[in-house]
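Residues per chain are reported as follows:
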Amino acid sequence: MSPPSEWQYVAAAYLVVFVAVLAWVGIIAAKLQRLQRQLAELVGKARERG
Amino acid sequence: MKLPALAAACTGLMGLAVGLIFFYAPTDADQGFSQRIFYFHVPIALTSYACFGWGAWKALRYLRTRDERADTESYVAIHQGVVFGALTLITGSIWAKASWGVWWSWGENQLVLFLVLFLFYCAYFMLRFSVDPGPARANMSAVYALFGVVLIPVSFLAIRLSQKFIHPVVFNAHGPQMAGSQFFTFCVAFVAMLALFATLYQVELAGKRIDAHVRELRELLR
Amino acid sequence: MTYLRDVGALTRKDLLLELRARETLPSMLLFVLAALTIFHFALPRGTGETAARGLLWSALVFTALLGLTRAFVAEREQGMFDALVLAPCDRSAIWLAKSLAVFAFLACAELVALPAFAAFFTGIDGRTVAAVALADVGICTVGTLFGAMAVAGRARELLLPLLFLPMAIPIVVGGVGGYLWFLVLYDAIFALLAWALFEYVVAET
Chain A
1 MSPPSEWQYV AAAYLVVFVA VLAWVGIIAA KLQRLQRQLA ELVGKARERG
Chain B
1 MKLPALAAAC TGLMGLAVGL IFFYAPTDAD QGFSQRIFYF HVPIALTSYA
51 CFGWGAWKAL RYLRTRDERA DTESYVAIHQ GVVFGALTLI TGSIWAKASW
101 GVWWSWGENQ LVLFLVLFLF YCAYFMLRFS VDPGPARANM SAVYALFGVV
151 LIPVSFLAIR LSQKFIHPVV FNAHGPQMAG SQFFTFCVAF VAMLALFATL
201 YQVELAGKRI DAHVRELREL LR
Chain C
1 MTYLRDVGAL TRKDLLLELR ARETLPSMLL FVLAALTIFH FALPRGTGET
51 AARGLLWSAL VFTALLGLTR AFVAEREQGM FDALVLAPCD RSAIWLAKSL
101 AVFAFLACAE LVALPAFAAF FTGIDGRTVA AVALADVGIC TVGTLFGAMA
151 VAGRARELLL PLLFLPMAIP IVVGGVGGYL WFLVLYDAIF ALLAWALFEY
201 VVAET
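Residue numbers (the numbering used here), protein chains in the order written: chain A, 1 to 50; chain B, 1 to 222; chain C, 1 to 205.
The set of hints was computed from the structure by calculation and includes no laboratory data. As the structure is a computational prediction, the values presented were derived from the model and not from experiment. Some hints could be false.
Said to hold, decoys possible - Under the rule of at most 27 Å between Cα atoms (straight-line distance), these lysine-lysine pairs were calculated in the BS3-like manner:
1. A:Lys31 <-> A:Lys45
2. B:Lys208 <-> A:Lys31
3. A:Lys45 <-> B:Lys208
4. B:Lys208 <-> B:Lys2
5. A:Lys31 <-> B:Lys2
6. B:Lys97 <-> B:Lys2
Take these sequences, add in the hints, and give me the full structure.
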């Protein structure tokens with residue numbers, strides 16, 4: 001493969017930022033899912049108490 | 001500012017920034033197309049400083065008020081700062097490769113400064129992991145965050161000095177004055193990046209607060 | 001006046017403990033000599049004087065780290081931290097006393113290291129000695145505060161180099177370049193910061 005041309009470097013730089021933000025979104029999403037599960041559990045407990 | 005509105009503003013600004021960067025800003029006469037990396041690289045770096053500054057401010061608030069929320073806010077800000085700092089290093093490295101064909105340049109003061117700060121603030125997390133949650137950890141984190149923010153200018157000065165005996169300053173990449181259109185694009189990109197930080201910061205904080213509430217609920221319903 | 005008296009008493013305590021235990025200082029002496037020897041083997045032939053001088057500063061920083069790591073371990077192991085903190089003295093007096101003690105150890109180590117360096121590598125001039133003295137102030141004041149932090153957690157000795165080395169970078173630059181004014185600036189800023197913030201590091205709440 002020939003050495004990357006200029007625009008490919010620019011694209012790589014912007015891509016890195018894009019991927020980083022998406023990765024961050026993914027991490028927050030996983031955290032939200034966990035919290036959702038825990039909250040459902042607690043709601044169940046609260047209902048039992050009545 | 002309400003989070004959805006903030007996120008919308010961030011999205012708009014980012015869209016505008018990228019549009020300007022690729023469709024409006026002229027190709028740089030000296031550095032060619034790869035100069036466009038700057039429009040992201042420098043705002044990310046400046047935002048990183050803003051993160052550390054904000055983190056230090058919240059750290060100071062914590063030491064004054066002993067409010068646990070300030071500690072959390074400080075932590076999240078510094079966390080964001082490290083993320084933006086890592087992005088600074090990566091985009092800076094890509095730009096160095098594009099400009100000079102090397103992945104790293106000790107002659108580039110900003111990059112070297114970020115390396116030092118990156119090392120420093122990564123140790124912040126080591127410190128937090130090493131101590132059990134509580135007022136002691138919050139105190140120490142706050143003190144460390146304050147040292148960090150003072151280190152930024154001191155380190156920068158040190159790096160400038162070191163260039164004299166380490167590395168003749170060959171490239172002055174931030175050199176020539178920017179044309180008006182370039183400067184405008186840069187400013188928009190900078191504000192967009194700050195908006196991104198603000199959005200991510202609020203989201204992460206919201207997550208942490210919910211986490212704390214869930215934990216508290218679990219204790220109460222035990 | 002009692003502040004200085006407290007500092008004096010605490011420093012004397014540390015120095016006396018070391019005099020009896022004889023653990024820290026001999027280790028530092030041996031370490032710095034070993035480090036200089038390794039550096040001799042690490043330098044290829046024809047290396048300039050500046051490079052050798054740079055290695056002197058590396059050796060000093062790591063030797064200092066050795067001393068700093070030991071600085072609070074005794075307190076931690078004997079559980080004396082709580083006692084010290086309950087003592088009716090300004091918390092920052094603890095920091096100052098500890099800094100002075102570490103400074104003393106470091107200075108003793110350097111009394112050996114600098115002549116050794118001059119013999120092994122290249123001569124030392126007055127400027128370098130002044131730089132070393134100024135750097136010591138920065139290393140001891142900042143390092144003591146971080147040492148107290150490191151000892152509070154689980155990672156202990158592992159944590160101190162991570163916390164301290166980024167802070168040591170400007171010191172090394174000032175030392176190698178001989179920028180005495182910069183070292184004074186560094187010392188003034190960070191000693192002040194450490195003095196002001198130490199009480200938070202050892203506070204319980």
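(Q) Name the hints, by number, that the structure is in violation of. (A) Violated hint (a single one): 6; every other hint is consistent with the structure.
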